[in-house]
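Student: Sequence:
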Amino acid sequence: MSGFRASVLTLYPEMFPGALGLSLAGRALERGDWSLEAVQIRDFATDRHRTVDDTPAGGGAGMVMRADILAKAIDASAPTDDPRPKLFMSPRGKPLTQERVRELAAGPGVMILCGRFEGIDQRIIDARRLEEVSIGDFILSGGEPAALVLLDAVVRLLPGVMGNDTSGDEESFENGLLEHPHYTRPQEFEGRPIPEVLLSGNHGKIAAWRREQAESLTKERRPDLFAAHELRESAKKPAPKR
128 MSGFRASVLT LYPEMFPGAL GLSLAGRALE RGDWSLEAVQ IRDFATDRHR TVDDTPAGGG
188 AGMVMRADIL AKAIDASAPT DDPRPKLFMS PRGKPLTQER VRELAAGPGV MILCGRFEGI
248 DQRIIDARRL EEVSIGDFIL SGGEPAALVL LDAVVRLLPG VMGNDTSGDE ESFENGLLEH
308 PHYTRPQEFE GRPIPEVLLS GNHGKIAAWR REQAESLTKE RRPDLFAAHE LRESAKKPAP
368 KR
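Per the numbering used here, the very first residue in the sequence shown carries number 128; after that it's consecutive.
Please note: incorrect hints may appear among the correct ones.
[Said to hold, decoys possible] Per label pair, the in silico range of CB-to-CB distance: (1) K346 / S261: 35 to 45 Å; (2) P313 / A335: 17 to 27 Å; (3) K364 / P235: 31 to 41 Å; (4) P286 / D181: 51 to 61 Å; (5) M190 / P235: 44 to 54 Å; (6) D195 / S361: 43 to 53 Å; (7) L358 / T178: 26 to 36 Å; (8) A254 / P313: 57 to 67 Å; (9) D264 / P235: 36 to 46 Å; (10) P206 / K332: 50 to 60 Å; (11) E317 / G187: 22 to 32 Å.
Derived by calculation from the structure, the hints in this document are not laboratory data.
Quick reminder that beta carbons are idealized off the backbone N, C-alpha and C, glycines included.
Generate the whole structure from the sequences, applying the supplied hints.
Tutor: This is the structure:
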């Protein structure tokens, strides 16, 4: 069995594995290539109502998840000797990148805390050194959908999950660029033909065309990524001789 273990702390464990139980990730889960544990946070509540939240200090709308309850759930799932990163899905977190996804996939697994309500007590973030991770500049009802997205991105990179280990090499973000367009049969669709270069059989020209398309799309849609790409390309060029 793979050493990659995912533990998700949530108020809605029935949301897991969800989509992760299907397709490549689901088959890998059945094979034991990775494991997933969904932990009910309410199991660590101390009152008969299984309360996990309280009113925010200083007033305001909504409720805040309590640090003491979350600490018990985290410590039970990932004790101090657990080497897995402790993540908290949060819109104020550091944006998730393909580079970070690759780092997580190469590690022993992850513990992911999914918040609800207005958020969680800052003291548990500080006390357990939770890594705040964001999947985008928007607000969700809770951390569960974000956790599913993160795990989907990570699991597909585990050895053997995609079948062909090179199948993701040219995908968006893997080389710092957005992915080039794809085409397949029929050769013509509603008057739109497949670009001739893709039918030429000239692998060098095809590779160059795909690179040009990737650079053009990235420059148009993600100028931030394209600027970083240009810096990397400049760094590769040898310094001029004096």
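Student: Given a hint of 44 to 54 Å, does the C-beta separation of M190 and P235 actually sit inside it?
Tutor: violated (34 Å)
Student: Given the hint of 50 to 60 Å, is the C-beta distance from P206 to K332 inside that range or not?
Tutor: Holds, at about 56 Å.
Student: Falls inside 36 to 46 Å, the C-beta gap from D264 to P235?
Tutor: Violated: the Cβ-Cβ distance is about 30 Å, outside 36 to 46 Å.
Student: Within 31 to 41 Å: is that where the Cβ-Cβ distance between K364 and P235 falls?
Tutor: Between K364 and P235, where Cβ atoms are some 39 Å apart, the hint holds.
Student: Against the range 57 to 67 Å, how does the distance between the Cβ atoms of A254 and P313 compare: consistent or not?
Tutor: Because 59 Å falls inside the window, the suggested range holds.
Student: Taking the Cβ atom of E317 and the Cβ atom of G187, is their distance within the range 22 to 32 Å?
Tutor: violated (54 Å)
Student: Note whether the CB distance of P286 and D181 lies within 51 to 61 Å or breaks it.
Tutor: Since P286 and D181 have Cβ atoms about 44 Å apart, the given range 51 to 61 Å is violated.
Student: Taking the CB of L358 and the CB of T178, does the distance hold inside 26 to 36 Å?
Tutor: violated (51 Å)
Student: Does the Cβ-Cβ separation between D195 and S361 fall within 43 to 53 Å?
Tutor: holds (52 Å)
Student: With respect to the beta-carbon atoms only, verify the hint that K346 and S261 lie 35 to 45 Å apart.
Tutor: violated (25 Å)
Student: Please check whether P313 and A335 have a Cβ separation lying inside 17 to 27 Å.
Tutor: holds (25 Å)
Hint compliance for this structure: hints 1, 4, 5, 7, 9 and 11 are not met, and every other hint is.
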